[in-house]
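> In case you want the letters, here they are:
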Amino acid sequence: MYQSDSEGWASSKDLRSHLGHLESELRFLSTLTGISIRNYSMKTEDLTNTEKKEKSIMKVLQRHRLSGNCRMITFQLEFQILEIQNKESLSSVITDLNIIMEPTEYSELSEFVSRAEERRDLLMFFRSLHFFVEWCEYRKRTFEHFKERSGPARRGVTSLQPVVCRDWEAETKRLHSRDWSQDQCTKEKYPAAVHLPEGAASSCMAVRSTCQPGFELVIVWRVQIDEEGKVLPKLDLLPKAPQQALKLDRNRVLETAPLSFRALLGTLGIEAALESLIKSLCTADYD
Amino acid sequence: MEWANDGKTRGGVLAHLERLEIQVNRSRKNLEDLQRAQAVESALGTKIHKLRCLRDELRAEAKQRQARVKASTVNVEPDQTPEISEQEVAKRRKENVKAILQAYRFTGLSGKLTSRGVCVCISTAFEGNLLDSYFIDLVIQKPLRIHHHSIPVFIPLEELSAKYLQTNIQHFLFCLCEYLNAYAGRKYQADRLQSDFAAFLAGPLRRNSLCNLLSFTYKVEPRGQSFPFCARLLYKDLTTALPTDVTVTYQGKRKYCTFCSHD
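Going down the list, the protein sequences come from chains A and B.
Numbers 29 to 315, taken from the working numbering, label the letters of the first sequence in order.
Numbers 7 to 269, taken from the working numbering, label the letters of the second sequence in order.
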């Protein structure tokens with residue numbers, strides 16, 4: 029009786045330490061990939077019949093259920109994989125894919141989800157989901173940065189030198205990991221009011237000049253997923269000005285603003301372009 | 007007795023008869039009601055008796071069970087029972103965690119912790135067909151470095167690791183995943199073209215190791231007198247499995263101009 033007790037005790041300790049190791053591996057993988065799988069189960073069904081057995085062909089249908097989240101987006105997947113093993117090779121094909129995602133407020137995602145389901149492209153779904161979430165977080169951080177730094181102007185501060193860069197996509201991707209709090213040299217406040225109309229996860233930012241309240245610049249930043257699952261940011265500028273100003277605008281600055289903004293993005297990159305845009309609203313206050 | 011033509015007396019007799027009839031009916035009805043009530047009463051009486059018996063049985067059984075439980079808990083050691091159920095819970099949790107770790111391959115990235123760091127496995131697929139997987143063994147030190155890997159030489163691994171490995175490992179892995187999946191997709195399509203459309207090809211399918219430059223001659227009809235066309239597919243974007251430039255020529259002359267499927 030005593031011996032079985034001590035054996036039971038030892039194996040229980042082993043079990044707990046093994047479980048601890050596995051759980052830390054799971055936590056690590058979750059941090060590494062940014063995807064957290066909370067639940068998973070699988071059922072298999074052997075579809076090999078006698079005819080196939082004679083030709084030494086084995087057919088197995090696997091039914092998988094997976095659920096978890098990628099930052100703020102939770103997903104639930106059900107998919108089927110058909111495995112066919114013949115003499116030469118083993119082929120695995122996803123024969124059915126069903127995806128449920130929350131939150132549903134990211135409208136760009138619903139189209140992407142139906143495309144992924146149609147193509148039964150499970151891996152593309154996760155890859156694009158990761159890049160989509162990455163871009164959304166970057167957009168949120170950038171908008172929040174500008175919102176926090178907007179307010180009444182402070183005198184006698186130096187302005188930022190714009191960063192000129194050819195490969196703006198690479199530059200902006202590199203800048204995601206930049207730590208905004210380390211920016212000691214640019215603690216200035218922009219003389220403009222920045223407003224996020226849709227809240228924290230807004231897809232647009234409205235900039236109003238504090239000295240000229242009739243003028244407003246709305247920057248719309250959409251994160252789009254194309255047919256191939258590639259995630260691309262798409263920024264647009266919508267200027268707003270009083271009628272009188274439009275009449276005085278002989279150089280058609282306001283009309284050509286959206287196009288010029290696109291060109292500006294290509295040269296300066298997203299952050300510097302937004303910064304110079306905000307500053308341009310109130311150049312008079314900067315003396 | 008004379009039949010007196012006395013309406014009152016005749017009415018009286020008939021009325022009396024009627025009254026008697028009514029009385030009889032009433033008393034009969036009362037008797038029936040009484041009998042019915044008595045039947046119901048006796049039925050309820052039996053029911054009450056049955057329920058009382060059942061109650062007594064259940065009371066006795068409950069007492070017995072309590073006694074049994076008290077007796078059994080005395081024999082068993084108090085700390086053994088919770089530990090068994092804890093073990094069961096831990097076992098089940100372990101199986102669940104193991105399964106989840108296996109399931110990570112469906113995200114494209116899975117891995118195992120090693121003594122040095124982590125060995126990441128990148129899985130590839132194209133249109134639902136699960137294809138090869140590649141591994142990359144990372145040493146977790148400052149700086150992070152690649153111990154060894156199975157990534158083909160024509161994938162720009164050095165370029166990607168120089169850009170992202172030290173600053174954003176997640177981005178590095180997913181970019182690598184993108185390149186590998188695109189390559190696997192192109193290769194799969196080229197292989198399928200060679201095998202499934204062999205009847206349409208008028209010559210060998212020429213391709214490079216990256217499978218981003220394909221050149222072949224094909225006929226519109228497998229048998230028949232149709233003229234062979236020369237096709238050249240270029241995939242400039244290494245992260246996609248679709249060509250960016252396609253040229254089709256007929257007898258050396260350009261039949262169709264090149265077009266770009268991406269701007």
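Simulated from the structure, these hints should not be mistaken for lab results.
C-beta atoms are modelled at their ideal positions from N, C-alpha and C, and glycine is treated no differently.
The reader is advised that the hints may include incorrect statements.
A short list of chain A residues far from chain B (calculated; beta carbon distances all over 12 Å) [claimed, not checked]:
#, residue
1, Arg-66
2, Ala-221
3, Leu-265
4, Ser-308
So the derived list for chain B, only partly shown, Cβ under 7 Å to chain A, looks like this [claimed, not checked]:
#, residue
5, Gln-93
6, Val-95
7, Ala-96
8, Ile-106
9, Tyr-110
10, Gly-114
11, Leu-115
12, Gly-134
13, Asn-135
14, Tyr-140
15, Phe-180
16, Cys-183
17, Ala-204
18, Thr-246
> Against chain A, with CB atoms and a cut of 7 Å, does the hint on Ile-106(B) hold up?
It holds, given that the least Cβ distance between Ile-106(B) and chain A is near 5 Å, below 7 Å.
> Leu-265(A) clear of chain B by more than 12 Å, beta carbon to beta carbon?
holds (20 Å)
> Taking the closest pair, is the beta carbon of Ser-308(A) still more than 12 Å from chain B?
At about 28 Å from chain B, Ser-308(A) clears the 12 Å cut-off, so the statement holds.
> Once the shortest beta carbon distance from Gly-114(B) to chain A is found, is it less than 7 Å?
holds (4 Å)
> Is the interface hint satisfied for Ala-204(B)? The criterion is a beta-carbon contact with chain A at less than 7 Å.
violated (17 Å)
> Going by Cβ atoms only, is Leu-115(B) closer than 7 Å to chain A?
holds (5 Å)
> At a threshold of 7 Å, is the proposed contact between Phe-180(B) and chain A supported by beta-carbon distances?
holds (5 Å)
> Against chain B, does Ala-221(A) keep a CB gap of more than 12 Å to every residue?
Per Cβ check, Ala-221(A) is outside 12 Å of chain B; nearest 33 Å; holds.
> Less than 7 Å between beta-carbons is the criterion; does Tyr-110(B) satisfy it with respect to chain A?
OK, holds: Tyr-110(B) within 7 Å of chain A, min 6 Å.
> Answer holds if the nearest beta-carbon of chain A is closer than 7 Å to that of Thr-246(B); otherwise answer violated.
holds (5 Å)
> Quick check on the hint: Val-95(B) CB to chain A CB, less than 7 Å?
Hint violated; Val-95(B) Cβ to chain A Cβ min 10 Å, cut 7 Å.
> Tell me if the interface restraint on Cys-183(B) is satisfied: Cβ within less than 7 Å of some Cβ in chain A.
It holds, given that the least Cβ distance between Cys-183(B) and chain A is near 6 Å, below 7 Å.
In summary, the numbered hints that this structure violates are 1, 6, 14 and 17.
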